[in-house]
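K.L.:
Quick note, the sequences are listed as chains S and C, same order. End of the first sequence sits at 1199 in our numbering; the numbers just go up one at a time, nothing left out. End of the second sequence sits at 1199 in our numbering; the numbers just go up one at a time, nothing left out.
Quick caveat, the hints were computed from the structure, so don't treat them as lab data. Honestly, I wouldn't trust all of these hints.
Same chains, same label: a pair holds when it works inside one copy or across any pair of copies.
As the list claims (entries may be wrong) - With a Cα cut of at most 25 Å, we get these calculated BS3-like pairs of lysine-lysine:
#1 Lys847 - Lys1105
#2 Lys901 - Lys980
#3 Lys756 - Lys1016
#4 Lys747 - Lys962
Protein chains: 2
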Amino acid sequence: MFLFSKGASGRHVSFPIQQKSRQSQINTRGYAAGKPSKPKSVIQPFPGEFSGPKMVTTVPGPKSQELLKQLDQYQDARTQHFFVDYAKSKGNYAVDADGNVLLDILCSISSHSIGYNNPRLLEAAKSEEWVTALVNRPATGIQPSSTWPALLQKTLMSATPPGLKQIFTAMCGTCANECAYKAVFMSYQHRKRGGKPFSADELQSCMKNQPPGSPELSILSFQGGFHGRLFGSLSTTRSKPIHKIDVPAFDWPVAPFPHIKYPLEQFAKENRNEEDRCLQEVEKIIKTNRMPVAGMIIEPIQGEGGDNAASAYFYKTLRNIAKQNGVFFIVDEVQTGVGATGKFWAHEHWELQDPPDAVTFSKKMQAAGFYHNLDLRPSEGYRNFNTWLGDPIRALQAGVVVKEIKEQNLLKNVQVTGAYLKDSLFDLQRRYPNLVKNVRGQGTFLAFDLPDGAQQGKLLSSLRQKGVEATGSGATSIRFRPMLIFTPDHADIFLNILEDSLKGMK
Amino acid sequence: MFLFSKGASGRHVSFPIQQKSRQSQINTRGYAAGKPSKPKSVIQPFPGEFSGPKMVTTVPGPKSQELLKQLDQYQDARTQHFFVDYAKSKGNYAVDADGNVLLDILCSISSHSIGYNNPRLLEAAKSEEWVTALVNRPATGIQPSSTWPALLQKTLMSATPPGLKQIFTAMCGTCANECAYKAVFMSYQHRKRGGKPFSADELQSCMKNQPPGSPELSILSFQGGFHGRLFGSLSTTRSKPIHKIDVPAFDWPVAPFPHIKYPLEQFAKENRNEEDRCLQEVEKIIKTNRMPVAGMIIEPIQGEGGDNAASAYFYKTLRNIAKQNGVFFIVDEVQTGVGATGKFWAHEHWELQDPPDAVTFSKKMQAAGFYHNLDLRPSEGYRNFNTWLGDPIRALQAGVVVKEIKEQNLLKNVQVTGAYLKDSLFDLQRRYPNLVKNVRGQGTFLAFDLPDGAQQGKLLSSLRQKGVEATGSGATSIRFRPMLIFTPDHADIFLNILEDSLKGMK
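From just these sequences and the hints, can you work out the full model?
P.N.:
Put into structure tokens, the structure is as follows:
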């Protein structure tokens, strides 16, 4: 049988370990033995936050339905869950157009972090500095603001992943990944030319989209990976057909991602064998693929494709394979980055000897781009370039997010809350074994599986009607993407609702 | 010899026509016969604007150079002209870090429109509505703001190109173009399937980036076109090798763009023949290209690749060719849109019978995306999708821009100023025939050629040192991308400096 992860100690533990003393406790919520006791919150309550969900209609309610009809007249309105009254939303709670108050563990696909209408953000947004940046957005590569170098330093450069000292700023996660790919291809070819100038043949052929100027090179990605939806990024995305179908793609290779079995300690040997199988396949692709592999990209946890993750051993070995073969190693932290796993960057859990060549970010950072070192700065200016090159107003916002994470001790909060939430999910898995499977994840970046897609949809729908806004990952998983201010109290509110929903599905 | 365009009448005229009465005037600036007299401004002066450039150092001055050094420690700093003190900039004038005041006709690559620190923008930016939108950016496809349908309607939907009733919102011009391509491919394949569901083979093969699920289809573009720099858009960009080299590209076709000779009335017959040659080539590519052509994309004026444009006849015929061959017709108005040519959308000058299938926008609109009709809405939700799907704060900004254009009569201003500026450039072309060539363009979206790239660089550098911030287009052109509040007075200030610079180059 499976065991419990360390829980309320605050130290993040990747793999569950036994804590017999806790198993025997009866906690205040009246659960039977096995339910962990709730740790004390390590952060202050969000000012004026709601005490819990409050439902006044079904969701989407009549006002949201009316708005859907209105929107659908001029914009596709088939995917929206409901409309949010952002002026009324607070902290972890989204208030919808009908006045329903929902505990939000989706957060615009993992993009909110320090609370709806965070007072420090609201105050900053009214400052002259923010207003000036907002209404005078510059082409940063040509006419940057005189405040930009200092602004970058105190915001995005105050959160660099270990070992990376350079930044490329972009507009969104997809753009961040694609600009990282471009940097990789440019550096790969520069290295191949031995630093010599472009040849006449290269200069002419690239204008016809032909090699050698438009080289036949590839980015390797992994089954289940999601890296965005434009043409380069979508060629590396391997999550679901609905993301990819009908869109032309580059003939880039895909490697198997380890199928990890849970509980981990029971399947330690099988999982290691599975990881080795995938690593060998990666090496084989690099050595034999028709198009040379210039770079590879991987998420620390596959945020769209089913919340799959492997062990630190797997990622460390992968990084070494990349290095030994001259392949640039890109870590996509668009969804995992900025604290949700209990470390600022999820790949810090791996304790790599060599840093990644690029770490991409967006979402919770609000600003987007990638960190790198000088070897990914192109040989000439104007090569990896565009009009905006990011957005200073979002860098300012990132600055507040990073500061809040540090000053409000939010990583510690994620560790404490995440351990408690994970322990509690293990408890539910024990008690609802036909419904809750494969509890996994790091920090509050957690997930579990339902038996199938129908049950996944049923549970998500039930949660929403009871006041929890969540969504799936892959075909059968429920994913947790709460804000960094999600405390053990919020976890308890969520867990009660989850169990209510599970009871209704039995 | 060439003739003068209509000038101060305010009605936009694409081709110059003779105005003998004006040619004989001596205007107040003391020019010899041929210099048009300056029309009265049709708009109010920008409050508190500078009276002209004021240079206190060379550019970049010591403070900008210091900032370049600082920035270069962590971000590529080889392309920036100088650093702008946006808090001090006003209207058409950028104040740099050293206190130099420059008349800006570059405007962050054509992205500013209603003046640095426009008072209406500053006021709006401090409103609760803006602050709420800024700090709570939603995933609009999932958790949109309850204000979004009305906001869209009063902002971006108040500026729809004729005949288009739907919108897809995005983050930048590149993303707008690539999402339009995706919509084209999805609709093209949906039509090919006769509306039937995806086949099992399509669903499986797309996960391997292979046909039929990842179809071998193409977007046709034109020599000299610029449509962005990510992988799909860069495959259609045909401006300069430095934009494309070392980046893998789709094997998509390129058509010749007409080499138009100036003055137009002298080369009417040759130009028509040249346009017909290119149109025939387009038809040939559509009928014979290895990869079927699903869509074509074209700019009304090639904003990066040399400010090349053809006649309305060319574009009208092209649109018909596209329609007759089932090819979606995309007009890229990222740089030409939002008033700079004297119409809100530059393609309105063509007076098309059938609207384009998609019109993409960004830059001056601040918001980005594309307008279309229902045939480009994908068959299922979540297909043309991403986390942000645009940004409400930029839609709010677009709303102010659109309102200002209407209420402040800015299109009329562009027409009046543009005609005067173009006439005056024709005058300079007559007097400096070895330097100024091929004056062309619409509204204030104007350009002229220098004899070669060296002279282009020399003139741009001279202009900057004298207080005009500008940049080139293509290898030998100077492009004009002033704001929509650029009046005949600003034109005069610019023209004096331009002539000073030309004198120094004689």
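K.L.:
State for each hint whether it applies.
P.N.:
Taking the hints in turn, this is what the structure says about them:
1. Taking the shortest Cα distances, Lys847 and Lys1105 sit within 25 Å of each other inside one copy (22 Å), while across copies they are farther apart (44 Å).
2. In this assembly of identical chains, Lys901 and Lys980 lie within 25 Å of each other by CA distance solely across copies; the values are 19 Å between and 29 Å within a copy.
3. Within a single copy, Lys756 and Lys1016 get their C-alpha atoms no closer than 55 Å, and across copies no closer than 41 Å, so neither meets the 25 Å cut-off.
4. Taking identical chains as interchangeable, the C-alpha atoms of Lys747 and Lys962 are never at most 25 Å apart, the minima being 47 Å within one chain and 74 Å between chains.
When each numbered hint is compared with the structure, violations occur for hints 3 and 4.
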